[in-house]
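Now for the letters of each chain:
Protein chains: 2
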Amino acid sequence: MLFRQLFDAETSTYTYLVGDPASRQAALIDPVLGQVERDLELLRELDLQLAWALDTHVHADHVTAAGALRERTGCKTVAGERGASCVDVQVRHGDVVQVGAVALRVVETPGHTGDSVSYLADGCAFTGDALMVRACGRTDFQNGDAGQLYDSIHAHLYSLPDDTRVYPGHDYKGRTVTTVGEERRFNARLAGRTREQFVTLMNGLDLPRPRHMDVAVPANLACGKPQALPQG
Amino acid sequence: MLFRQLFDAETSTYTYLVGDPASRQAALIDPVLGQVERDLELLRELDLQLAWALDTHVHADHVTAAGALRERTGCKTVAGERGASCVDVQVRHGDVVQVGAVALRVVETPGHTGDSVSYLADGCAFTGDALMVRACGRTDFQNGDAGQLYDSIHAHLYSLPDDTRVYPGHDYKGRTVTTVGEERRFNARLAGRTREQFVTLMNGLDLPRPRHMDVAVPANLACGKPQALPQG
Numbered sequence: 120m121l122f123r124q125l126f127d128a129e130t131s132t133y134t135y136l137v138g139d140p141a142s143r144q145a146a147l148i149d150p151v152l153g154q155v156e157r158d159l160e161l162l163r164e165l166d167l168q169l170a171w172a173l174d175t176h177v178h179a180d181h182v183t184a185a186g187a188l189r190e191r192t193g194c195k196t197v198a199g200e201r202g203a204s205c206v207d208v209q210v211r212h213g214d215v216v217q218v219g220a221v222a223l224r225v226v227e228t229p230g231h232t233g234d235s236v237s238y239l240a241d242g243c244a245f246t247g248d249a250l251m252v253r254a255c256g257r258t259d260f261q262n263g264d265a266g267q268l269y270d271s272i273h274a275h276l277y278s279l280p281d282d283t284r285v286y287p288g289h290d291y292k293g294r295t296v297t298t299v300g301e302e303r304r305f306n307a308r309l310a311g312r313t314r315e316q317f318v319t320l321m322n323g324l325d326l327p328r329p330r331h332m333d334v335a336v337p338a339n340l341a342c343g344k345p346q347a348l349p350q351g
Numbered sequence: 120m121l122f123r124q125l126f127d128a129e130t131s132t133y134t135y136l137v138g139d140p141a142s143r144q145a146a147l148i149d150p151v152l153g154q155v156e157r158d159l160e161l162l163r164e165l166d167l168q169l170a171w172a173l174d175t176h177v178h179a180d181h182v183t184a185a186g187a188l189r190e191r192t193g194c195k196t197v198a199g200e201r202g203a204s205c206v207d208v209q210v211r212h213g214d215v216v217q218v219g220a221v222a223l224r225v226v227e228t229p230g231h232t233g234d235s236v237s238y239l240a241d242g243c244a245f246t247g248d249a250l251m252v253r254a255c256g257r258t259d260f261q262n263g264d265a266g267q268l269y270d271s272i273h274a275h276l277y278s279l280p281d282d283t284r285v286y287p288g289h290d291y292k293g294r295t296v297t298t299v300g301e302e303r304r305f306n307a308r309l310a311g312r313t314r315e316q317f318v319t320l321m322n323g324l325d326l327p328r329p330r331h332m333d334v335a336v337p338a339n340l341a342c343g344k345p346q347a348l349p350q351g
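Just so you know, the protein sequences line up as chains Z and R, in that order. So the number in this note's numbering is just where the residue sits in the first sequence, counting from 1, plus 119. So the number in this note's numbering is just where the residue sits in the second sequence, counting from 1, plus 119.
Just so you know, the hints here were simulated from the structure itself, not pulled from any lab data. Honestly, I wouldn't trust all of these hints.
Which copy? The list can't say, so a pair holds if one copy fits it or any two copies do.
With a straight-line cut-off of 20 Å between C-alpha atoms, the simulated DMTMM-like cross-links for lysine to aspartate or glutamate are [stated by the list, open to error]:
hint : residue 1 : residue 2
1    : LYS292    : ASP180
2    : LYS292    : GLU156
3    : LYS344    : GLU190
4    : LYS292    : GLU129
5    : LYS292    : GLU164
6    : LYS292    : GLU160
7    : LYS344    : GLU156
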């Protein structure tokens, strides 16, 4: 599997490029609108054709590039079935998005938001804001639910092999990857906590409202509103 | 080879953790002083013993954590023989730093600075500021020399297999890795330029002086002066 991790410093968001070296088909997971030119240039240089732009959920902290990439490349856009309805394909638990010979398997992991999905491929889990390095996404907006997040992580991510590489949607300390085994042992919010203790912790976090939420959520529900927002 | 890429957002610096899964020996390449606690925590969690802290050169943009890591862990510090004389081991072209069963091979790649070295291991090149993603380090201070950098890159990095993964010392656009093949084709400063054209380009860049240079260079010549600077 061809693979690149990309970072948007303004929002600390990771975007993932996954490709099939034989067919030259590629997918971008959680692309950021402000990075469209960078990502298209990389696709051109690597001689890859963008087949899919996938979001793990309706983001509150940045605007997705999915719609802009669809306009620019003709790729199809993908999200969970409870996510943005503007996408070409709404996926469910167990669905597979085929990137040439590379299979991206959809795992529903709601809890950070009601629509959150993770994508699995080749020993990697792209977990968005469900499971992060020593952390997890907050659960206090967009139909977030701490108990549901606990269940999603235990049932569908912690059940993966310990050496599964976990690529998160964000990291704020410069860490790029973790593993299922590490998170089971060291996740600062989950390790050693019962479901009840986790719910109490998450419901008491009292976090400030994301700065860009009022712009990002409506834009993302419209696949990034590429017609109205700058693409560069 | 056990491997982690780490990022310092303040200075856009990449640090690399390389380890041997069997012996649990590890090395940190280009560690950043402000990230010592993060990096020590990761080493503890991964059950790794830090054997080496290596610098690719005397940095002008951040303070090395080499001295602080030596104090905290008893690791040995490493630099090129034209680099900081405070290190435990000054290495030359062709030397090998053994991290358990993992061999880090030293390649002298001067030009960005007079002391720059790269480290090679397991199909990866840790190139510091010699070769970066579509870029290279500036050559206008610390005995930098554009012609020498051109020669270093062509003789010792572009001569590696095309699929060698190149891990740079910095990136300012969120790109985490490149390959020798890509840089040969797409490097914005080198591709399609003769040595003479490259020298003309580099000598005409007229870049501003690095903001922290007057602090960073003296500190780094003293391995980070851990006794005088905060370690957190």
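Hint check:
Both within a single protomer and between protomers do LYS292 and ASP180 lie at most 20 Å apart by alpha-carbon distance, with minima of 17 Å and 19 Å respectively. For the homomeric pair LYS292 and GLU156, the shortest alpha-carbon distance between copies (11 Å) is at most 20 Å, but the shortest distance inside one copy (26 Å) is not. In this assembly of identical chains, LYS344 and GLU190 lie within 20 Å of each other by CA distance solely inside one copy; the values are 11 Å within and 53 Å between copies. In this homomeric assembly, LYS292 and GLU129 come within 20 Å of each other (Cα to Cα) both inside a single copy, at 13 Å, and across copies, at 10 Å.
Taking the shortest alpha-carbon separations for LYS292 and GLU164, only the inter-copy value of 16 Å comes in at or below 20 Å, while the best intra-copy value is 30 Å. Taking identical chains as interchangeable, the C-alpha atoms of LYS292 and GLU160 lie at most 20 Å apart only when they sit on different chains, with a minimum of 12 Å there against 27 Å within one chain. In the homo-oligomer, the alpha carbons of LYS344 and GLU156 lie at most 20 Å apart inside one protomer (16 Å), although the nearest pairing across protomers, at 41 Å, exceeds that limit.
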